[in-house]
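Chain Y is fixed; fit chains D, U and W onto it per the hints.
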Amino acid sequence: MSLLVLLTASSAFGAPSDATGAAAPGSVLEAVLFYIVAGGVVVSALGVCIAQNIVRMAVWLFTALASVAVMYFLLAANFIGAIQLIVYAGGTLILLVFGVMLTSKSPWIRFEAPKLELVAATVVCVGLFLSLCTLLGRAAWESVDEATAGTSIATIGRALITEYLVPFEMAGVVLMIVMVGAAHMARQEK
Amino acid sequence: MGQYTYEILLACGVLSPLVSFWLLVFAGPKLGKPAAGWVAVVLGMGVPLVLATIVLIGWLGETEGGRAALTAGAYRGTWAYIGTIPVTVGVKLDSLTVAMFFMVTLIAFLIFVFSIGYMKGHSDEVAGKSKYHRFFAYLSLFGFSMLGLVLSSSLLFLFIFWELVGLCSYLLIGYYFDKGFASAAAMKAFITNRVGDFGFLIGLMLVFMHLGTLDLDEAATVFAQQYAAGTGIFASHFTLFGWSLATIMGVGLFCGAMGKSAQFPLHVWLPDAMAGPTPVSALIHAATMVAAGVYLVARVYRLMTPEALAFVALIGCLTLTLMALIAIVQVDIKKCLAYSTLSQLGYMIFAMGCGAWIAALFHLITHAFFKAMLFLCSGQVIEGCHHEQDMRKMGGLMKKMPVTGITFLVGVLAIAGTGIPIPGAEIAGRKIGLGGFFSKDEILAVAYVRAFEWDDISKHEEHGEAHGAGHTAAPEPEGSRAMLVADRTQAEHHDEHQPAAAAHGAQSTHDSHGGADRAAIFKDMKKLPSWMFYLAIFTAYVTPFYMMRCWWMTFMGKPRDQHVYDHAHETPLMYVPLVVLAIGTFVSSYFLFRPLIEDASHSATSAAMVLATDGELGTEAIHAAHGWLRWYVGGAFLVGFIVAIAIYRNGLGLAEQLKKVFLPIHTILWNKYYFDEVYDVVWVKGCVLVAHIARFFDTYFIDLLVNLSAAVTERIAAFSGLVIDNHGIDGIVNGIAKTSIDIGGVARAPQTGRIRNYVLFATAVATVVVVCVLAFGMDSGSGAATVASSVAP
Amino acid sequence: MLSIGLTHYLVVAAVLLCTGLFTIMTKRNAIGILIGVELLLNAANVNLVAFDRFREGGLFDGQIMALFIIVLAAAEAAIAVGICINVYKNLATVDVDSARQLQG
Amino acid sequence: MDLLTLIVFLPALGGLLCLFVPRAQVRVVAVLASLATLLVSLLLFPTFLGGAEAAESIFGTSYGKLQHVIRLPWITGEGFEIEYFLGIDGLGFPLIILTTLVSFLSCLASWNFDTWKINKGIRGYFFLFLLLETGMLGVFVSLDFFLFYIFWEVMLLPMYFLIGVWGGPRKEYAAIKFFLFTLAGSVLMLVALVAMYFYGGAAIEAAGGSVPSGYRVTDSGAPVAITHGTFDLIELATNDVIQKYFSAKATLFLGMRFAPIMFMFLFIGFAIKLPSVPFHTWLPDAHVEAPTPISMILAGVLLKMGGYGFLRLCYPIFPLGGEYWAFLLATVGVVSILYGALCAMAQTDFKKLVAYSSVSHMGYVLLGIAVMTPAGFQGAMFQMIAHGISSPMCFFLVGVIYDRAHHREINRFGGLWLTMPKYGTMATIGFFASLGLPGLCGFIGEVWVLLGTFDAGSKYTWAYPMAILAAAGVILTAGYILWLIRRVYLGNEREEYRGFPDASGREIFILVPMAILCIALGVLPMQTVFNFTNGTLDLLLAGVTDTINAMI
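Chains as they are written, first to last, in my numbering: chain Y, 1 to 190; chain D, 1 to 793; chain U, 1 to 104; chain W, 1 to 552.
Where hints are given, some of them may not hold.
Have a look at the derived ranges for each label pair, beta carbon to beta carbon [as the list claims (entries may be wrong)]:
1. H386(D) x K422(W): 50 to 60 Å
2. M170(Y) x R71(W): 25 to 35 Å
3. L13(W) x L175(Y): 27 to 37 Å
4. L175(Y) x P223(W): 32 to 42 Å
5. V28(W) x L72(U): 29 to 39 Å
6. M101(Y) x V40(W): 51 to 61 Å
7. N671(D) x A542(W): 54 to 64 Å
8. C133(Y) x A762(D): 12 to 22 Å
9. G255(W) x I153(Y): 32 to 42 Å
10. A762(D) x D2(W): 25 to 35 Å
By construction, these hints were calculated from the structure, which means they are not laboratory data.
Heads up, the beta-carbon is just placed ideally off N, CA and C, and yes, glycines get one too.
Chain Y with its partners taken away, still in its complex shape:
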């Protein structure tokens, strides 16, 4: 885990050359970083689905989210990465943990799904994954090799208040509604 943090830090802040701060495309460093991060994502995602109690799931989810955030850095999407960490890992996950705490008689309580369903789910998911991989393997992507330069946060910010103003405002409205709604739902019944 510490290694992961280290790498994250190095890729994010020890920015080599370009303004975006990602490792140079095509470099060996990128490959190594990618495999480590991707491994993190995969392991923690599997952890989420294998874990039987809810607290462990939450922890695995945290690592997964964090790994994905690192992956965003690798993809030269620093802003998204940061947001991912702040909103997801920092906000949503806390929310979930609160949810766990508020709703569990004991956080270690387990509800197990029937075996049959487990098996079916495994088959379906593995099947889906394999077929998706096959599909990806066959896809002849155009211009896959040259990654473009990253986008600066300023550009994104400007776009948000010009081109994407309406969705942006809508998102704000939605958040407000959600705030009110969530508060209403969770309030103590008289």
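Same frame as chain Y, now just chains D, U and W:
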């Protein structure tokens, strides 16, 4: 008279009962007991009767040419299109229609009146609710359907009304539906009729496909043309049981008649139909509806090939014999009459098959009068005897109900063919006798010629044909042997009615064109097997016997059941119609109908294939046969009556002894040749069995497959999945145990109401789609390229 | 193998997708299902950002979309947790199988 | 506001409103919404009542000449365009009126919701009900395949919940069965949808990238140019280039000729809905478990979508497939007729019997379409409408008695005509219409189909035996219906049913329109149905025949 006057009058006559029907349906309960009946009498049949009378008088006033013009110009409107072929709705306006229409309205009117008297004495309430108005509503509906049937100019409409009279019959037989046997009989009647209609429908389909029209006249013209040219239906090499397609068409249409006229082997429903109220038996199951089969054959006569007619004759012959024999042993007065009806219908059908078109219809009309009368008499008797139908308990009723007894006797005489065959004893140029005497004689004469002298005649016919000149102008060298063919008839007509109207001329050419072709078909008619003739004449001796037996057992001798005897009475409202019908029996034997039918035969059959005895259409051979046959047939009633009276003169003693002597025969007849039993086992039980097999198959096979496929999918998943699962062998054991426990409810498993399962299904489907696309859709990679380019241009 | 392209990221996204689905399919805990949904949303985000990165023209639509998704995911989580709490209040459990009142 | 859009979405709006009004008013709102939809849909009538030179041909002037067309781009992208494309012609129009009418009547039949065994969630019930109506109407008016597919699915889900939540004891099983069956059909349809789009695109590509439209013209009168694959159903059916490509020998899919295999995909999808043997087993279960109004909708409208799909998609777009599979389809049709009738005969559950009779009746639809003759097509179309009226009536009749007796065992009934005379009269009309009695609606369709089948004898020799077997179905139908009437309505009154009230005003109000229509359709088939449908059907058939002749 303006254009379409007749059509409008007749159509009003058809619609009036329909108005009455709806009125009774909606306002019936409010009208109450006698009023509802009178509505039906006045509106349901009175108005049509008046209109029919007007039409009849008007029609009799028309000249020959005028009639033909009216027939040709009768109203036709398009009702709908089948594909591109129009179905016309119209009035088939000719003498036969007028005669039938009048006959039906007259008899129905009388029976409606009778019904009011009949229903007065019958409880019409079940569980406190009156069904009185329903009875008259159904009768009105029947009036509408039957009159519509008579008027229809198109086969499809004929079929529609055909089914509707069947429905009315169903409803009326099942009028006492609270009694189990009545509803069973109703159902039996309808379904048996449906079997016949199945054949009708096939005939209809063949007509539609090969003749391209459903209009009766057009179909006949096309049929004749196709025969002449060897095209259309005659071009087909398809055969079934050795019948050509054209024959199958005719037989198919005849199947409808077999159902409705209760011909062997579809006769089983008619005796059971006597479960209905007696007026219904009189109206529907004796006088009108059952005769509709004969009417149908008359109407589609021009579409019949000689082979088809041979089949018709065969069926008719079997029916008339077998049913007459059953009638001998019946003890229920209505059943006895029912079997006699069957036998007489057999005669009509047989006559049609032989070519005695006129005689058949003549017999139909006279039979309608006297059989309706007989049934009403029996209704009077049953009503009078406190709902007793067993003749063994009657006897000596003549004193208590004289009018009924005498009118019944008139009927018996008429059906037995009573008449005086001695030359010279004539009224208005005709022999003295009652209905059956004329019509049955003719039928037998034609049958005789067809059975014994046919080869000579047809040979002669070919000979005549070989002369090339046809028969148009040249008088036949041997008049005595001349066959009647269309051309000749037309020639005669021109001779006799020289100043024919121009329209008639047009009609004649039209007809003679079709007629000439018909004549060619006619030439193919084969000799009839002689046993058919023997059976027919044998039955002519049986008929008087069982009718006289029936009358004697009921009205003469000593009362055998004092209770019944004491109760017996008769009421005027019921015997007035009887008297009118008795008069009608006399009149119909002599006047009106015979000439009208003969007139109709010119156009309705293009005059070909029609063999008749009396009148201008009669040929010498048949006249001759008729001359001497008269002694045998005409004398039959004497023999029959004498034997019957001899046996039943002193009560039932002698009859019982005879029964013991002929026990095996009696048993067979008593059980009606076991038709009901055989049908029940073979058809009803068989059908229900097949139905249960189908249901079993559906529930336990198709459904099983569906559920199994779901289960198997899960099971495979379970098996392969558990191996991978680190629960290992333990998991397999548990899994199998769990699955075995759930085995019954395995199909329920997919439906859980749990969101995760729905996600599972959705994902599974998505996966399958992706796999399909991968496996089949994008083999060359071009598809993938398209996807890619659309995503990342 | 060493040249990391779009496909690599997409495979990671596919893993996230499948595990997310698996989690939804197998958990009976309402919060667990919610966690599965978060994984799914992340899978979508990874896809968006990856496509954004590997296309010409230096556009950033993918990132904007991802941004919105994150925001909406937060909103969704808030509502969902609210629902869970309500369910818990009413049924004293977060086992989704016991919430079947609407089944009639 | 465009009329068709209004018709389609009015019920959904009503449904939304249902969610917000007080509980007691929900059913009022729902009935008003469905009534409003019915009334608005009746506004379509003036389209052909006046103004046209020949009233019969208004829908037939050209297959492409659709009325009330609305056409807006909906989802557009590089190389593809999904349109919001609505319009009606002789196929859709009668079915729209049927849908709005049956929906209104069954909405009214839901009036006594509070007395049902499961009477929770009235808002949800009516919301889903009206959403279902929107889905059904959408299917009948949308002319863009994608839109069609979406409406198809929109209709599926409410049905699932309506059966699964408010149904009888085995509702879960029935609902999932319905859902899985239909979903299986949908998947195949989806494959066809995608394939048709890409292959259409390939056809245009092969023809040089731009071809003139088969039916659309610009304002100047020149045909519109089509440059890429399309979901436009009319275009797919009328564009020569696409048609030629679809039916060409060299066009393969999964190693088979394109047209037949696509036809089969679509066919299975629609045959499940129709339903025809052997895809029919969901129907009896769904009917038995569904509440009465839902049964009415299911039998009255949903089954018609199968037949509509054949006439709208399968035949115009893949005529060759129709020719290729004619024998198989006709066999399936005949088997459905006979097998459905036999199964019906063996049932003891009233509702199941009616359900199987639907299988039998819809077999005529399949048979009539399969033989591809004018009379066959007309008969099939008529049969759909006729069955759409008679079978909801029968289901409602079952519902009425179920409300009183709380069971549906045929053998436990008897003498109901005496107990409930008005109801008995209505039942007689309904069941005789179903039996195919002349003068009532069931007859016309059957006879037309039979004649059409026989007429096909000049093309296919197997048509004769098919027609004869199908005609034999008439006897079986008479058998089970009369037996049913005898067991339920005739016979002596039974003690246990003595106190039953006769049909109430509401029930009569629902039954009478259907009874009137049963009679009207039977007596005036031309004026009530054929005038509106024949033009389109004839042109459709002419197109089909031309393509087949050109290819063979």
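Practice task
Check each numbered hint against the structure and report the violated ones by number, ascending.
Solution key: Those not satisfied are hints 1, 4, 9.
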